[in-house]
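Engineer: Working from the sequences, and respecting the hints, build out all of it.
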Amino acid sequence: MTIQQCIDEKKSGFLYGNRLILPFKGRFLKVIVEKDIITDFSPSSKGINIVEEDYYTSLYFLEYNTLRETLSEYENIKIIVVEKDDNIFDVTKHKKLAVYKTDTHEATIEETEHDILFIE
Amino acid sequence: MRRSTLFLVAFFSLFILLNSDTRPDSTDTSKSVTQEKVLSHSDKTTTETEHHGAAPSPYMVIPFLLLLLLIAIAPLFFQHFWEHNYHRIAIFLGLIVTTYYATVLNDFVSLKHTLVEYLSFIALLSSLFVASGGILIKVDKKATPIVNTLFLLFGAVISNVIGTTGASMLLIRPFMRMNKDRIKSYHIIFFIFVVSNAGGALTPIGDPPLFLGFLKGVPFFWVVEQVWLIWIIAIALILAIFFMLDMNNKAGAKEDQQYSGKIEFKGLKNLGYLAIIIVSVFLDPAVMSWVPSLDPLPVGIREIIMFGVVFAAYKTADKNVLKANEFDFGPIKEVAYLFVGIFFTMIPALRVIADLAKENSDVFTSSLFYWATGALSSFLDNAPTYLNFMSAAMGKFGFDLNGGAAQTQLFLQNPDAIQYLTAISVGAVFFGAMTYIGNGPNFMVKSIAESAGVRVPTFIEYIIKYSLPILLPVYAVIWFFFFRG
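Just so you know, the sequences run in chain order G and Z. Residue numbering for the first sequence is 1 to 120, as defined by this note's numbering. Residue numbering for the second sequence is 1 to 485, as defined by this note's numbering.
Just so you know, these hints were derived from the structure itself, not from any lab. Watch out, some of these pointers could steer you wrong.
[Stated by the list, open to error] Straight-line C-alpha distance at most 25 Å; calculated BS3-like pairs for lysine-lysine:
id	chain 1	residue 1	chain 2	residue 2
1	Z	K266	G	K96
2	Z	K184	G	K95
3	Z	K142	G	K95
4	Z	K184	G	K35
5	Z	K396	G	K35
6	Z	K266	G	K30
7	G	K35	Z	K323
8	G	K96	G	K30
9	Z	K142	G	K96
Structural biologist: This is the structure in structure tokens:
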């Protein structure tokens, strides 16, 4: 499933402990959680570990224990990501996503509105 | 987090219990009974800045220095340990000083005074934070150096009406949103310089030290009469540097992007809450005699209203606006925890400064008042620093800060006195921008910027790359033309 399909079909992700499960695969450029701006996605990154599964992606936030406790009601995890097949160098293809926690382990994924302040 | 909140509650409960043991200090006996009767809640608390119990051991300054050091270096060397434990460390260091004052010095007056000041500080900050968090301002205009400069100038002016904290919380998001395609660290830093600090030097609403001066009898418009020219020069110089930096910022939106030029407001009812906060600032028995003092409670009517606004503004806010602003209590929690440590650990530091200022009041010149108030306001709370130096200045002319408004007004009839108090006022407000901890809103602006994905300098980078090379020369120019000698 592409990122755009996930957004259009309002697919949810999951938050378990320090793991965010996203129902798509993509190329990650920037992830922001609280005040942590993560841009190092190498295997030796101390901030995040990204594991691609068959049709989804798990993001492990290594410095956090429980993301659901970290995020407040209106706070989100911000992600800049590019579809696997898109040109990463074309900035118009950069998608800005916001992931919100819910009352359950589900996490809603939204393309950030114009209102949300998200600096690339 | 819940355990540390309980810890904080226990910390404050201790004071409420101790409060019943608070006795007037012997130095207060010189006041007439009538004066005591009319002495307001906050006047009492500010009076107690001059309270002289037993001098603390100089070693008790160590917790304060340690806290400053940790704020400076911990995010660099053990960032996540600090992020997860800063509140415990701040409270622990505060408790060391508190226990020392309570058990060794038996000085509950200083502790109570600090608690009252802290609650007043956090009531104002949290109410402005929540009320402005429910307002969304969108400026659909291309961010150019001139537009940005005018925006910051507007922020500087408005900070005199709604306070530096209110202006910062209200304007930081639209400023970042407007610059989202070209934002750099310096945008945030100059916002802190101008809107969060120097801008608010014109009125007692602008910054807390000036408000304390107002409570002590400095006429409301005295500050603007004395400081307007200094304000114009300082703001013009800082904005000129910003303009030049911004001119060199070639990043920006695509040329074909269309702008309507519209300014859109959402959550306007929260302006009503902001108005309530501003009006409640004056609800002090020292300003309005009909306002009841709630002494011995550590809060007054004003603080109760402000905490009420925190609750009401959050509960009635437009959820879409809160979502758009990504409203979170995190930044205010960070300020609340760090500053509880700062307020309590700095009691001995302020006492040492007060003693030094009094002992050496005859050697103080306007230069020394300016630089000493400024240097200390960069790291300490500028409100008590202002009062200590104001007390020293009045002492030079044989006046007593605790002698009531009449003494202050007599003091201000002397041209030298005007010069001294102007130097103290400018030093206290302007130098709050020298570090992240110099003024409450600095940290909150930093937190909001980071949450939006903007990298901002560390504590040390801020000082070395921005405040020393940019602010210090500007403040030196101000000194040269206004306070030299």
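Engineer: Evaluate each hint against the coordinates.
Structural biologist: Now the hints, each set against the structure:
no., hint, verdict
1, K266(Z) to K96(G), "23 Å, holds"
2, K184(Z) to K95(G), "21 Å, holds"
3, K142(Z) to K95(G), "22 Å, holds"
4, K184(Z) to K35(G), "16 Å, holds"
5, K396(Z) to K35(G), "48 Å, violated"
6, K266(Z) to K30(G), "29 Å, violated"
7, K35(G) to K323(Z), "17 Å, holds"
8, K96(G) to K30(G), "9 Å, holds"
9, K142(Z) to K96(G), "21 Å, holds"
Taken one by one, the earlier hints fail for this structure at numbers 5, 6, listed in ascending order.
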